[in-house]
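Peer 1: Sequence:
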Amino acid sequence: MILSIEEVKTHLRIQHDEEDTYIEDLIAKAQAAAEDYCRVTFPDDAPESVRLAVLLMTSHYYENRENSDSVAYATMRTAFQNLLYPHRDPDQMF
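Per the numbering used here: the sequence shown = residues 1 to 94.
Everything labelled a hint here was simulated from the structure, so no lab data went into it. Some clues are possibly wrong.
[Said to hold, decoys possible] Computed Cβ-Cβ distance ranges for the label pairs, DEER-style:
1. 15 / 92: 35 to 45 Å
2. 66 / 89: 29 to 39 Å
3. 10 / 65: 34 to 44 Å
4. 39 / 13: 12 to 22 Å
The beta-carbon is built from N, C-alpha and C at its ideal position, and this holds for glycine as well.
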């Protein structure tokens, strides 16, 4: 994974371990979404903009697990795509 659970927990200010499995699952799903959007597989040392996009999506789904505000989701999704756009592989788009 391109983010460690410690990085995400620090960002979210989480100091317990009860949800580590859940957070790891969110990280994996956010990274998969980024790779699907870009049509590439990112190495563990992915660029900072990719890491930030994955962190934004992971954080959004952690903080809005029950009911996502559509405006908050749209804002996160726009930032996610803007951060990832330069890393897309145009040869894999179609």
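Peer 1: Give a verdict on every hint.
Peer 2: A quick look at each hint next to the structure:
no., hint, verdict
1, 15 / 92: 35 to 45 Å, "40 Å, holds"
2, 66 / 89: 29 to 39 Å, "35 Å, holds"
3, 10 / 65: 34 to 44 Å, "19 Å, violated"
4, 39 / 13: 12 to 22 Å, "34 Å, violated"
The structure does not agree with the numbered hints 3 and 4 stated previously, though it agrees with the rest.
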